[in-house]
Amino acid sequence: AGNPQGNGQAERAVQVIKRSLKKVCEASQSVEDWEKHLPDLVLGYNSGVQQSTSYAPYTLVYGVPPVLPAARRERLSQVVSVEDVEAAADDLVQRAAVMSRNAVMAAGNLLIAQRRDQLTYARKRDGTYLPKVRVYQEGDYVYVRTASDCMAGSGLAMAVEPRVLRVLQA
1053 AGNPQGNGQA
1063 ERAVQVIKRS
1073 LKKVCEASQS
1083 VEDWEKHLPD
1093 LVLGYNSGVQ
1103 QSTSYAPYTL
1113 VYGVPPVLPA
1123 ARRERLSQVV
1133 SVEDVEAAAD
1143 DLVQRAAVMS
1153 RNAVMAAGNL
1163 LIAQRRDQLT
1173 YARKRDGTYL
1183 PKVRVYQEGD
1193 YVYVRTASDC
1203 MAGSGLAMAV
1213 EPRVLRVLQA
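According to the working numbering, the sequence shown holds residues 1053 to 1222 in order.
Hints are computed from structural coordinates only; laboratory data are not their basis. Backbone N, C-alpha and C define an ideal beta-carbon position, used for all residues, glycine too. Incorrect hints may have been included.
[As the list claims (entries may be wrong)] Straight-line Cα separation of at most 25 Å, SDA-like style, residue types lysine to any residue; simulated pairs:
(1) 1176 <-> 1156
(2) 1074 <-> 1087
(3) 1176 <-> 1191
(4) 1070 <-> 1102
(5) 1075 <-> 1089
(6) 1088 <-> 1156
(7) 1088 <-> 1119
(8) 1184 <-> 1173
(9) 1184 <-> 1170
(10) 1176 <-> 1196
(11) 1075 <-> 1131
(12) 1070 <-> 1137
(13) 1070 <-> 1113
(14) 1088 <-> 1065
(15) 1074 <-> 1110
(16) 1074 <-> 1149
(17) 1088 <-> 1104
(18) 1088 <-> 1113
(19) 1184 <-> 1131
(20) 1088 <-> 1149
[Stated by the list, open to error] Pair ranges (Cβ atoms, derived):
(21) 1103 <-> 1182: 57 to 67 Å
(22) 1187 <-> 1086: 53 to 63 Å
(23) 1112 <-> 1216: 38 to 48 Å
Could you build the full structure based on these sequences and the hints that come with them?
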């Protein structure tokens, strides 16, 4: 089996995460909820470009850079050096705070979207929902679909006639 002490880079990453977790717990004056801080710390670490590889761990695992808001991308794209564990831990605590704020904003946006969808669904069910009326102009191209075509498709795929028709008279 593997020898954890033999993998210095992994050990250094664990050291940085532990030190960061300690700082976050000290700042909140509670060690009871340490596990709540861990996802933000790990995401902050994995999103940062590492000095040793010149890549973010996230990029190496998933093959694409992490998707971050533009305002946060610049801050989180700075190179992380784990040679100085204390400085890396401080940086990671700052990154975790950024990730935590993003999570709060995303959760708020999700609640707004869920409520909007809930209201739209309710309006569709009680008959007060009126879909947008599309106005076609002469020369527009349209697909033709009938009610039986909608029922014939499987899942979300909607059947359409294989030809496109052009509006001749509006």
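The hints, checked one at a time:
| no. | hint | result |
| --- | --- | --- |
| 1 | 1176 <-> 1156 | 30 Å, violated |
| 2 | 1074 <-> 1087 | 11 Å, holds |
| 3 | 1176 <-> 1191 | 32 Å, violated |
| 4 | 1070 <-> 1102 | 17 Å, holds |
| 5 | 1075 <-> 1089 | 11 Å, holds |
| 6 | 1088 <-> 1156 | 13 Å, holds |
| 7 | 1088 <-> 1119 | 22 Å, holds |
| 8 | 1184 <-> 1173 | 15 Å, holds |
| 9 | 1184 <-> 1170 | 19 Å, holds |
| 10 | 1176 <-> 1196 | 23 Å, holds |
| 11 | 1075 <-> 1131 | 21 Å, holds |
| 12 | 1070 <-> 1137 | 10 Å, holds |
| 13 | 1070 <-> 1113 | 22 Å, holds |
| 14 | 1088 <-> 1065 | 19 Å, holds |
| 15 | 1074 <-> 1110 | 23 Å, holds |
| 16 | 1074 <-> 1149 | 14 Å, holds |
| 17 | 1088 <-> 1104 | 29 Å, violated |
| 18 | 1088 <-> 1113 | 23 Å, holds |
| 19 | 1184 <-> 1131 | 49 Å, violated |
| 20 | 1088 <-> 1149 | 12 Å, holds |
| 21 | 1103 <-> 1182: 57 to 67 Å | 58 Å, holds |
| 22 | 1187 <-> 1086: 53 to 63 Å | 59 Å, holds |
| 23 | 1112 <-> 1216: 38 to 48 Å | 45 Å, holds |
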